[in-house]
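With chain Y's structure known, arrange chains R, B, E, V and H on it following the hints.
6 protein chains.
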Amino acid sequence: MVKEFFEDYHIGEKLVTPGRTITETDLVLYAAFSGDWNPVHTDAEHAKQTRFGGRIAHGMLVLSVGGGLLLRLAPKSMIALYGVEKVRFMAPTRIGDTIHTESEVVKMTELDATRGLVNIRGDVKNQCRELVATFTIRYLVGRRDQETTA
Amino acid sequence: MVKEFFEDYHIGEKLVTPGRTITETDLVLYAAFSGDWNPVHTDAEHAKQTRFGGRIAHGMLVLSVGGGLLLRLAPKSMIALYGVEKVRFMAPTRIGDTIHTESEVVKMTELDATRGLVNIRGDVKNQCRELVATFTIRYLVGRRDQETTA
Amino acid sequence: MVKEFFEDYHIGEKLVTPGRTITETDLVLYAAFSGDWNPVHTDAEHAKQTRFGGRIAHGMLVLSVGGGLLLRLAPKSMIALYGVEKVRFMAPTRIGDTIHTESEVVKMTELDATRGLVNIRGDVKNQCRELVATFTIRYLVGRRDQETTA
Amino acid sequence: MVKEFFEDYHIGEKLVTPGRTITETDLVLYAAFSGDWNPVHTDAEHAKQTRFGGRIAHGMLVLSVGGGLLLRLAPKSMIALYGVEKVRFMAPTRIGDTIHTESEVVKMTELDATRGLVNIRGDVKNQCRELVATFTIRYLVGRRDQETTA
Amino acid sequence: MVKEFFEDYHIGEKLVTPGRTITETDLVLYAAFSGDWNPVHTDAEHAKQTRFGGRIAHGMLVLSVGGGLLLRLAPKSMIALYGVEKVRFMAPTRIGDTIHTESEVVKMTELDATRGLVNIRGDVKNQCRELVATFTIRYLVGRRDQETTA
Amino acid sequence: MVKEFFEDYHIGEKLVTPGRTITETDLVLYAAFSGDWNPVHTDAEHAKQTRFGGRIAHGMLVLSVGGGLLLRLAPKSMIALYGVEKVRFMAPTRIGDTIHTESEVVKMTELDATRGLVNIRGDVKNQCRELVATFTIRYLVGRRDQETTA
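Residue numbers (my numbering), protein chains in the order written: chain Y, 1 to 150; chain R, 1 to 150; chain B, 1 to 150; chain E, 1 to 150; chain V, 1 to 150; chain H, 1 to 150.
FYI, nobody ran anything at the bench for these hints, they're computed from the structure.
Heads up, some of the hints might be wrong.
[Unchecked claim] The calculated EDC-like cross-link candidates involving lysine to aspartate or glutamate, where the alpha carbons are at most 20 angstroms apart (straight line), are: (1) V:Lys86 / V:Asp112; (2) E:Lys86 / B:Glu85; (3) B:Lys86 / E:Glu4; (4) R:Lys86 / Y:Glu85; (5) R:Lys48 / Y:Glu4; (6) Y:Lys48 / R:Glu4; (7) B:Lys107 / E:Glu85; (8) Y:Lys107 / R:Glu85; (9) Y:Lys86 / R:Glu85; (10) E:Lys3 / E:Glu110; (11) V:Lys86 / H:Asp123; (12) B:Lys86 / E:Glu13; (13) H:Lys86 / V:Asp123; (14) R:Lys107 / Y:Glu85; (15) H:Lys107 / V:Asp8; (16) V:Lys3 / V:Glu104; (17) R:Lys86 / R:Asp123; (18) V:Lys48 / H:Asp123; (19) V:Lys107 / H:Glu85; (20) B:Lys48 / E:Asp123; (21) E:Lys48 / B:Asp123; (22) E:Lys107 / B:Glu85; (23) R:Lys86 / R:Glu130; (24) H:Lys86 / V:Glu4; (25) R:Lys86 / Y:Glu4; (26) E:Lys86 / B:Asp123; (27) H:Lys48 / V:Glu4; (28) Y:Lys86 / R:Asp123; (29) B:Lys3 / B:Glu102; (30) V:Lys107 / V:Asp8.
[Unchecked claim] Derived, one-sided and incomplete: chain Y residues facing chain R with beta-carbon distance under 10 angstroms: (31) Lys48; (32) His58; (33) Gly83; (34) Phe135; (35) Arg138.
Quick caveat, the model's predicted, so the values are computed rather than measured.
Just so it is clear, CB atoms sit at the ideal spot from N, CA and C, and this is done for glycine as well.
So here's chain Y without its partners, still in its complex pose (with noise of 0.2 angstroms):
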């Protein structure tokens, strides 16, 4: 649904993401953009030998693409990343998993006549239903009185 104003968001509000295969093109792309080219992401010899087992995915690359997912659904929405809170990484994520967002609007604050924040929390699942990540993404989204009797 088009998400125009701070008006159209409602505490509670739940939405289940498509899931997305992070592949180990996304883990070399990832690498390359951010210029964190760590081994347990980048060094198959190395990686085997730590208690991963094997590369596994940056934690930014699965909050980029965890946070990426809910715009999907979102797809008009106007609105401005204000911050982010409370990231932890509970269990890696590997090369071939497929990870989803479930995310709940857990609170909304007027910020100004104008402007409102929505305190939006996601938790990262992969096929196992095993949770990944949680995070709370803070929106800067307009509100509606004031624009239309602006």
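Leaving out everything else, chains R, B, E, V and H in the frame of chain Y:
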């Protein structure tokens, strides 16, 4: 310097990373990677009419690059991302801005006999020394004593 | 809106997608991906001397983006691409142009008891409302009745 | 061979292009570029449960690569894409399949004194010689006579 | 032309490749791919203060593109790269420059009964005909006689 | 360690870089970037029938990555690439191989009062300690004395 263990970090330790120019390419690549095609990032005509006056970088792009820059100065560190806290976006990053990160180790916690948490606060600034984003990254780092006696 | 089945489409139904600015990055990436390095797309000196006066986007790039934009508004649709018809390029798309697609369901055909074909005509227009390309995409879509009685 | 002008083409002329293996990388890159994240292309768990039994390439990816392969054998041709017709997808292209294009000049039309249209039919086949897609590409090509007398 | 065997090459044979504009995108992609984030390539503020007065392309980028251009004109050649010699960078390649390669077969050596070495000197020049780099690439090529009598 | 000036290098100085796994993604990206689609890199069916038994990385890819790895350990060095010499490819790098570079400063030449040349020999080895490529990179580095008295 090579940071291998928890004991290699010290509270109050500061770093200033090299800079990186945020290009139109970065915006296009990050939109494609994350699936976040919000028009303020990818539709120049729309972006012109916002209060930003043009396309701006995704907050998560700034966080990915700002965090990644820290790792350029620690190319062999054996760390895992435990969490991220208090991410706030203060000012837009526009195409052509050059950002760097100024970091400080703000907290160190012994998690158990083999691992510790290192909290690093990062201030992302642009070429005008303007603060564009702040974050606290929490790294999970192995402890030396345990490793060497094991 | 979620389009799951053939029955969710209706002849005459129209959509206007968000816009996307076609960047130099898009031209470079598409040339590299497709292997189509025609100098009118990748050699600025040559392109200056053509009747276009500068580099223009690949027709197939415009088709890929113009078709992809349609799916942003249908993020969960379960479709397969059956065919494409009547693709015509009317005007060049230059670096910096912002295109969107205006679509209309123009034909629906019951293929058999379980599947139907939906023909969608797309008009790709730029920021000056100039028509740059038209196409007819034919989607293969499952039928609801069959699914629910199966 | 270098094809510079309309007169360099001949009806019935055939070409067989080199092959290109369609990799997982290609699917990820094309999904990101086009914004078409249909789960049959990007969600391995979902794709397993479809009649395809796994992820398949986007039809438009096959068309982009199948068309691009033609240009490898005509690296200096001065053409513009006029249109595309009769694109049909017969069989899925899976990750790891190697496709090539077999083409034939099927129609040539003098558009005016300076330009002509060349219709090329392409059959995209995989490593088992199975036909996966067909298309007719229409190139706009300059005419030699006009050029040399101009 | 299709070069299949050692015998298809001739000393003194020359080629002039099509041109390719080196874009900001190319610099960003090559920095990311290679991990070479030297600020003269990726930090516009720093680069302004160098004697180049702005960002310049990586030497290895120029070599990769300059060498790759040669293969556009030999799309079906069956070769392997044996070595590279005498790579020298004479002048910077800036964002927006268009480079091409002028090559000459300078040496041919029969390695054994089935293989030969072909040394090709390449001069990479920009749109002002200024020499920006030179290199000698050594290709390993199969010999026809052996192949046909085998 | 930060290498700022010619005087920071010493003949005989050695480095062993972190490793990087060469993925199918790297082959696809490098083929696309360079335009080198030689079937031994991009056509799995063809590559199977060569003496390599499968796709192998481009020599220039190995050189780009092998050289780039050196810079990870010298993230702030102010250098320019002056030339490359004696590049030889000894063994193929296959998809999944993990390579690293062992380097040694082999020659230092004072070019003039403000600049010097540092020749670094690099041996690229895979996970079996097999030598896959060697090269000599020549960096142009500023001299400290001149800089500080200027």
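Against the structure, the hints:
{"no.": "1", "hint": "V:Lys86 / V:Asp112", "verdict": "25 angstroms, violated"}
{"no.": "2", "hint": "E:Lys86 / B:Glu85", "verdict": "5 angstroms, holds"}
{"no.": "3", "hint": "B:Lys86 / E:Glu4", "verdict": "26 angstroms, violated"}
{"no.": "4", "hint": "R:Lys86 / Y:Glu85", "verdict": "5 angstroms, holds"}
{"no.": "5", "hint": "R:Lys48 / Y:Glu4", "verdict": "18 angstroms, holds"}
{"no.": "6", "hint": "Y:Lys48 / R:Glu4", "verdict": "18 angstroms, holds"}
{"no.": "7", "hint": "B:Lys107 / E:Glu85", "verdict": "17 angstroms, holds"}
{"no.": "8", "hint": "Y:Lys107 / R:Glu85", "verdict": "17 angstroms, holds"}
{"no.": "9", "hint": "Y:Lys86 / R:Glu85", "verdict": "5 angstroms, holds"}
{"no.": "10", "hint": "E:Lys3 / E:Glu110", "verdict": "16 angstroms, holds"}
{"no.": "11", "hint": "V:Lys86 / H:Asp123", "verdict": "18 angstroms, holds"}
{"no.": "12", "hint": "B:Lys86 / E:Glu13", "verdict": "24 angstroms, violated"}
{"no.": "13", "hint": "H:Lys86 / V:Asp123", "verdict": "18 angstroms, holds"}
{"no.": "14", "hint": "R:Lys107 / Y:Glu85", "verdict": "17 angstroms, holds"}
{"no.": "15", "hint": "H:Lys107 / V:Asp8", "verdict": "40 angstroms, violated"}
{"no.": "16", "hint": "V:Lys3 / V:Glu104", "verdict": "15 angstroms, holds"}
{"no.": "17", "hint": "R:Lys86 / R:Asp123", "verdict": "11 angstroms, holds"}
{"no.": "18", "hint": "V:Lys48 / H:Asp123", "verdict": "34 angstroms, violated"}
{"no.": "19", "hint": "V:Lys107 / H:Glu85", "verdict": "17 angstroms, holds"}
{"no.": "20", "hint": "B:Lys48 / E:Asp123", "verdict": "34 angstroms, violated"}
{"no.": "21", "hint": "E:Lys48 / B:Asp123", "verdict": "34 angstroms, violated"}
{"no.": "22", "hint": "E:Lys107 / B:Glu85", "verdict": "17 angstroms, holds"}
{"no.": "23", "hint": "R:Lys86 / R:Glu130", "verdict": "18 angstroms, holds"}
{"no.": "24", "hint": "H:Lys86 / V:Glu4", "verdict": "26 angstroms, violated"}
{"no.": "25", "hint": "R:Lys86 / Y:Glu4", "verdict": "26 angstroms, violated"}
{"no.": "26", "hint": "E:Lys86 / B:Asp123", "verdict": "18 angstroms, holds"}
{"no.": "27", "hint": "H:Lys48 / V:Glu4", "verdict": "18 angstroms, holds"}
{"no.": "28", "hint": "Y:Lys86 / R:Asp123", "verdict": "18 angstroms, holds"}
{"no.": "29", "hint": "B:Lys3 / B:Glu102", "verdict": "18 angstroms, holds"}
{"no.": "30", "hint": "V:Lys107 / V:Asp8", "verdict": "13 angstroms, holds"}
{"no.": "31", "hint": "Lys48", "verdict": "15 angstroms, violated"}
{"no.": "32", "hint": "His58", "verdict": "7 angstroms, holds"}
{"no.": "33", "hint": "Gly83", "verdict": "5 angstroms, holds"}
{"no.": "34", "hint": "Phe135", "verdict": "8 angstroms, holds"}
{"no.": "35", "hint": "Arg138", "verdict": "9 angstroms, holds"}
The structure fails hints 1, 3, 12, 15, 18, 20, 21, 24, 25, 31 (numbered hints given earlier, in ascending order).
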